[in-house]
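One-letter residues, chain by chain:
Protein chains: 4
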Amino acid sequence: MSDLSWKTSITKIGPNEVRLRGYRVDELMGQISFSQGIYLAIMGDLPEESVLIMLDAILVSSLDHGASPPSALVARTAASTGASLNSAVAAGLLSINRYHGGAVYDCMAILSNGIERTVSSDSDMDDIASQIVAEFRAEKKRIAGLGHRLHSEDPRTFKLFSLAEELDIDGAGVDMIRALQSAIAADGKTLPINVDGAIAALLVDLDIPQEFANAFFSMARVPGLVAHVVEEQTRERPMRRIHPTDHTYDGPSDRSI
Amino acid sequence: MSDLSWKTSITKIGPNEVRLRGYRVDELMGQISFSQGIYLAIMGDLPEESVLIMLDAILVSSLDHGASPPSALVARTAASTGASLNSAVAAGLLSINRYHGGAVYDCMAILSNGIERTVSSDSDMDDIASQIVAEFRAEKKRIAGLGHRLHSEDPRTFKLFSLAEELDIDGAGVDMIRALQSAIAADGKTLPINVDGAIAALLVDLDIPQEFANAFFSMARVPGLVAHVVEEQTRERPMRRIHPTDHTYDGPSDRSI
Amino acid sequence: MSDLSWKTSITKIGPNEVRLRGYRVDELMGQISFSQGIYLAIMGDLPEESVLIMLDAILVSSLDHGASPPSALVARTAASTGASLNSAVAAGLLSINRYHGGAVYDCMAILSNGIERTVSSDSDMDDIASQIVAEFRAEKKRIAGLGHRLHSEDPRTFKLFSLAEELDIDGAGVDMIRALQSAIAADGKTLPINVDGAIAALLVDLDIPQEFANAFFSMARVPGLVAHVVEEQTRERPMRRIHPTDHTYDGPSDRSI
Amino acid sequence: MSDLSWKTSITKIGPNEVRLRGYRVDELMGQISFSQGIYLAIMGDLPEESVLIMLDAILVSSLDHGASPPSALVARTAASTGASLNSAVAAGLLSINRYHGGAVYDCMAILSNGIERTVSSDSDMDDIASQIVAEFRAEKKRIAGLGHRLHSEDPRTFKLFSLAEELDIDGAGVDMIRALQSAIAADGKTLPINVDGAIAALLVDLDIPQEFANAFFSMARVPGLVAHVVEEQTRERPMRRIHPTDHTYDGPSDRSI
Numbered sequence: 001m002s003d004l005s006w007k008t009s010i011t012k013i014g015p016n017e018v019r020l021r022g023y024r025v026d027e028l029m030g031q032i033s034f035s036q037g038i039y040l041a042i043m044g045d046l047p048e049e050s051v052l053i054m055l056d057a058i059l060v061s062s063l064d065h066g067a068s069p070p071s072a073l074v075a076r077t078a079a080s081t082g083a084s085l086n087s088a089v090a091a092g093l094l095s096i097n098r099y100h101g102g103a104v105y106d107c108m109a110i111l112s113n114g115i116e117r118t119v120s121s122d123s124d125m126d127d128i129a130s131q132i133v134a135e136f137r138a139e140k141k142r143i144a145g146l147g148h149r150l151h152s153e154d155p156r157t158f159k160l161f162s163l164a165e166e167l168d169i170d171g172a173g174v175d176m177i178r179a180l181q182s183a184i185a186a187d188g189k190t191l192p193i194n195v196d197g198a199i200a201a202l203l204v205d206l207d208i209p210q211e212f213a214n215a216f217f218s219m220a221r222v223p224g225l226v227a228h229v230v231e232e233q234t235r236e237r238p239m240r241r242i243h244p245t246d247h248t249y250d251g252p253s254d255r256s257i
Numbered sequence: 001m002s003d004l005s006w007k008t009s010i011t012k013i014g015p016n017e018v019r020l021r022g023y024r025v026d027e028l029m030g031q032i033s034f035s036q037g038i039y040l041a042i043m044g045d046l047p048e049e050s051v052l053i054m055l056d057a058i059l060v061s062s063l064d065h066g067a068s069p070p071s072a073l074v075a076r077t078a079a080s081t082g083a084s085l086n087s088a089v090a091a092g093l094l095s096i097n098r099y100h101g102g103a104v105y106d107c108m109a110i111l112s113n114g115i116e117r118t119v120s121s122d123s124d125m126d127d128i129a130s131q132i133v134a135e136f137r138a139e140k141k142r143i144a145g146l147g148h149r150l151h152s153e154d155p156r157t158f159k160l161f162s163l164a165e166e167l168d169i170d171g172a173g174v175d176m177i178r179a180l181q182s183a184i185a186a187d188g189k190t191l192p193i194n195v196d197g198a199i200a201a202l203l204v205d206l207d208i209p210q211e212f213a214n215a216f217f218s219m220a221r222v223p224g225l226v227a228h229v230v231e232e233q234t235r236e237r238p239m240r241r242i243h244p245t246d247h248t249y250d251g252p253s254d255r256s257i
Numbered sequence: 001m002s003d004l005s006w007k008t009s010i011t012k013i014g015p016n017e018v019r020l021r022g023y024r025v026d027e028l029m030g031q032i033s034f035s036q037g038i039y040l041a042i043m044g045d046l047p048e049e050s051v052l053i054m055l056d057a058i059l060v061s062s063l064d065h066g067a068s069p070p071s072a073l074v075a076r077t078a079a080s081t082g083a084s085l086n087s088a089v090a091a092g093l094l095s096i097n098r099y100h101g102g103a104v105y106d107c108m109a110i111l112s113n114g115i116e117r118t119v120s121s122d123s124d125m126d127d128i129a130s131q132i133v134a135e136f137r138a139e140k141k142r143i144a145g146l147g148h149r150l151h152s153e154d155p156r157t158f159k160l161f162s163l164a165e166e167l168d169i170d171g172a173g174v175d176m177i178r179a180l181q182s183a184i185a186a187d188g189k190t191l192p193i194n195v196d197g198a199i200a201a202l203l204v205d206l207d208i209p210q211e212f213a214n215a216f217f218s219m220a221r222v223p224g225l226v227a228h229v230v231e232e233q234t235r236e237r238p239m240r241r242i243h244p245t246d247h248t249y250d251g252p253s254d255r256s257i
Numbered sequence: 001m002s003d004l005s006w007k008t009s010i011t012k013i014g015p016n017e018v019r020l021r022g023y024r025v026d027e028l029m030g031q032i033s034f035s036q037g038i039y040l041a042i043m044g045d046l047p048e049e050s051v052l053i054m055l056d057a058i059l060v061s062s063l064d065h066g067a068s069p070p071s072a073l074v075a076r077t078a079a080s081t082g083a084s085l086n087s088a089v090a091a092g093l094l095s096i097n098r099y100h101g102g103a104v105y106d107c108m109a110i111l112s113n114g115i116e117r118t119v120s121s122d123s124d125m126d127d128i129a130s131q132i133v134a135e136f137r138a139e140k141k142r143i144a145g146l147g148h149r150l151h152s153e154d155p156r157t158f159k160l161f162s163l164a165e166e167l168d169i170d171g172a173g174v175d176m177i178r179a180l181q182s183a184i185a186a187d188g189k190t191l192p193i194n195v196d197g198a199i200a201a202l203l204v205d206l207d208i209p210q211e212f213a214n215a216f217f218s219m220a221r222v223p224g225l226v227a228h229v230v231e232e233q234t235r236e237r238p239m240r241r242i243h244p245t246d247h248t249y250d251g252p253s254d255r256s257i
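Protein chains in written order, with our numbering: chain A, 1 to 257; chain B, 1 to 257; chain C, 1 to 257; chain D, 1 to 257.
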């Protein structure tokens, strides 16, 4: 054993045996869904049923948001120059940052801080929320997770929160972001909780560490980026100019499950 | 409408409404799993039950393969220099290519070609397989999807094929890769069908276009890369030397569902 | 020495000593230019004077081509989401492929093949050029290195070729691409030699291996991408919609050295 | 002109005319070196002679540092899986961050802050340096730009500083980093100024904005990464295990210009 020797707790590999967090992968196959496997891979254990439902809803909520988001435009532009599928998707991932898809991390930090201040100071959560809003206003910063340039009431947020209520998962995270929304409203500004904010609140309530914050959006959006890259490769000519907004939808008509 | 105007059939976005392939995303949330959503995003329709089970098994099979694969080493090395989660995962994705994870595309091409030659020439599939093996040997090329440096019998392949049989999904794709394996054996060489080869055979039998071949491995491996990046960030010091093989597993003990 | 031990011929590192291809880096500093260092790093020896002049001209020719190329748009879009400088430049690099900046490799292959056929068949280069043009037409493929969507006569090509003539560097590579241009013209179509084609011809005449073909464009364009990323970061607001063509230049007025 | 219309001050493109910062690129070609072009592209004007010599020295200093740096290992690992040259180099770039090559930015910030505090408080620079060292020690943070795991006296730093002195370029930046080094020494710890720290000091003295800090290392290292990727592609078999330290140099013998 050299001094470069190291340890990992994710997967054990031996001849004809692959064990993810202790479970034989071939035993898991056919018995668990992909999202159960995702939770197992990153959190180390299989999720409880209610957590799984919430996780699926979070991942489905972020699959795609059309052709305007920077990550979709970048993935399509790279594909248009002849990039491989993986390279184009990687370029798309590099366009998921603080201002696009990356607000979950910042929002989780704000919510955790607010919750901690509420608990440690034995204050009312609404008072802490007002303080936080005042602090951000003083620094002329926006509170991540609130506001959307298109949706005045994001239907995905609404659904995430009703599900969380049904499943009895909502806790201090959801309360805190709602308190922030109210404090902003008391300030005269109506801002919707966007899907990043809703996910941040739920990750707090699911006890998922902040390090994984941005992973959920990214894992969920990769299949959307794949769809865009393959559509670009199969439907468009190479090296076209890709207009960021002047595109229309011509897929399946409105339908219901 | 300018001459740069274009169309997309993936997602329709309007104020307070996001529709993926025609379905309201907030209606899908809570009703479908992430893997159903993935299939919908890339294929355009929800999968049948048996297809879904197969899809989950394929995605679970490829979640992670420990710390030795180049994609894991690259993602960890990037993370070790201070890369963001997304940048580190993107670097990992850039290390998934022909020789690692990217064999599905090449293998699908070989299988589709073999099936077409069998059908169009009205020949026996075994004869076509022998011809293909001879052609590759003449060009000193390896047939993608066969052989593994560690597993003499990949347990994931075994499980994918038994599930496919149970679900009555296995068809010409599975037959063709087995015919190739036999032809190589007749040639005196025993090679296992690796997990890339098994996935390629099943994607052929699921009528999934070859353009998506490498997407399944990539989509499945992204959560594994996330787990490695966060483990690196939280467990190791920055800028360590990362040995490619001298690491041991210290996670949960062997267990069963 | 383990069985993983390997060798490299680029740089030797010891305590307080860094030697690039045998030369102490601190001796090189102050004595050679960056382009001399580039040639040394990739080719293994310092360039002759005429080669250096040609190399500088090639690299200067490809520094930037405005905000419309996909690599610039992608780098700016990534930057606009909050990507770090390196991540944004990396995303730009991922958008340099066959259809944008990557034609040098394909063109070098065509030129080398044409030269080889001319030499081995003892034919006239013009006849071989006509054959190649006919072959590409039969397969409905374009010959890389010829044609430009904007420039009918690329001033950079003209300058590269006059410099090569002055420096007595032009040889079979330049002859071959001109023969191809003439063969296409005889076919009734006037196509300019674009800057990719000119660089390909000169790399052939400079005996630079084809593996490096696309490196020259990429190395040269990285500073251009840096300029775009920093301009985006310092001049624009985050998450703006970036129109691919509707932009105008407002930098320094036309001037001359 | 739509509301998406925007402006850029880098390059003006017209039919048969490309102007970088006002100069016709074909006029620049043959008259300026690549490093002059780099300075023009990012700073907007051609550099003075002494600045150019310094710039070349900075870029040459960072061309390569052997096969152990994470960026080289990542680029080689990606190449080993079959990545294209550009994708492998992009993966390498994604491994240049705070802990590898990215210290220039942090160090520039510390130096600028120290200079500002010295000027505005009318204090002695050595006192400010001692304060800064105490502040970092209190927060248990390292000062970027000082210390190297291999070199106790980095020969590249020595050469950069002697050149700067000769060219009369050294100013408050160089003074400040030396003051920090002395303050640390007074604290009982001998740390060399590493090449990142030296470059940071010189960029401060050259009035180059901090936004470009990390660009110099990245632009300089790209050719080194190209050399590693092509060496990997042409000398090694695909998918080998790449040991991070167990490699030896077998290139040209020690030599002098």
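Rather than coming from a laboratory, the hints here were simulated on the basis of the structure.
Any given hint could turn out to be false.
Note that the list lumps identical chains together, so a pair holds whenever it fits in one copy or between two copies.
[Said to hold, decoys possible] Using 25 Å as the maximum straight-line C-alpha spacing, the simulated SDA-like pairs for lysine to any residue come out as follows:
| id | residue 1 | residue 2 |
| --- | --- | --- |
| 1 | Lys7 | Gly44 |
| 2 | Lys141 | Gly251 |
| 3 | Lys141 | Asp187 |
| 4 | Lys189 | Pro47 |
| 5 | Lys189 | Glu135 |
| 6 | Lys140 | Gly66 |
| 7 | Lys7 | Leu191 |
| 8 | Lys140 | Ser256 |
| 9 | Lys141 | Ile13 |
| 10 | Lys7 | Gln233 |
| 11 | Lys141 | Ser256 |
| 12 | Lys140 | Asn113 |
Status of the hints after comparison with the structure:
For the identical chains of this complex, Lys7 and Gly44 are intra-copy neighbours only, at 15 Å inside a copy versus 39 Å across copies, given an alpha-carbon limit of 25 Å. Taking identical chains as interchangeable, the C-alpha atoms of Lys141 and Gly251 are never at most 25 Å apart, the minima being 39 Å within one chain and 31 Å between chains. Taking identical chains as interchangeable, the C-alpha atoms of Lys141 and Asp187 lie at most 25 Å apart only when both belong to the same chain, with a minimum of 15 Å there against 39 Å between chains. With identical chains, the CA atoms of Lys189 and Pro47 are never at most 25 Å apart, being 38 Å at best within one copy and 43 Å at best between copies.
For the homomeric pair Lys189 and Glu135, the shortest alpha-carbon distance inside one copy (16 Å) is at most 25 Å, but the shortest distance between copies (40 Å) is not. Taking the shortest alpha-carbon separations for Lys140 and Gly66, neither the intra-copy value of 31 Å nor the inter-copy value of 34 Å comes in at or below 25 Å. For a Cα distance limit of 25 Å, the shortest separation of Lys7 from Leu191 qualifies neither inside one copy, at 46 Å, nor across copies, at 31 Å. Within a single copy, Lys140 and Ser256 get their C-alpha atoms no closer than 43 Å, and across copies no closer than 44 Å, so neither meets the 25 Å cut-off.
Taking CA atoms no more than 25 Å apart as the test, Lys141 paired with Ile13 passes in neither setting, with 47 Å inside one copy and 28 Å between copies. For the homomeric pair Lys7 and Gln233, the shortest alpha-carbon distance between copies (13 Å) is at most 25 Å, but the shortest distance inside one copy (41 Å) is not. In this assembly of identical chains, the alpha carbons of Lys141 and Ser256 never lie at most 25 Å apart, being 40 Å within a copy and 45 Å across copies at closest. With identical chains, the CA atoms of Lys140 and Asn113 are at most 25 Å apart both within one copy (19 Å) and between copies (23 Å).
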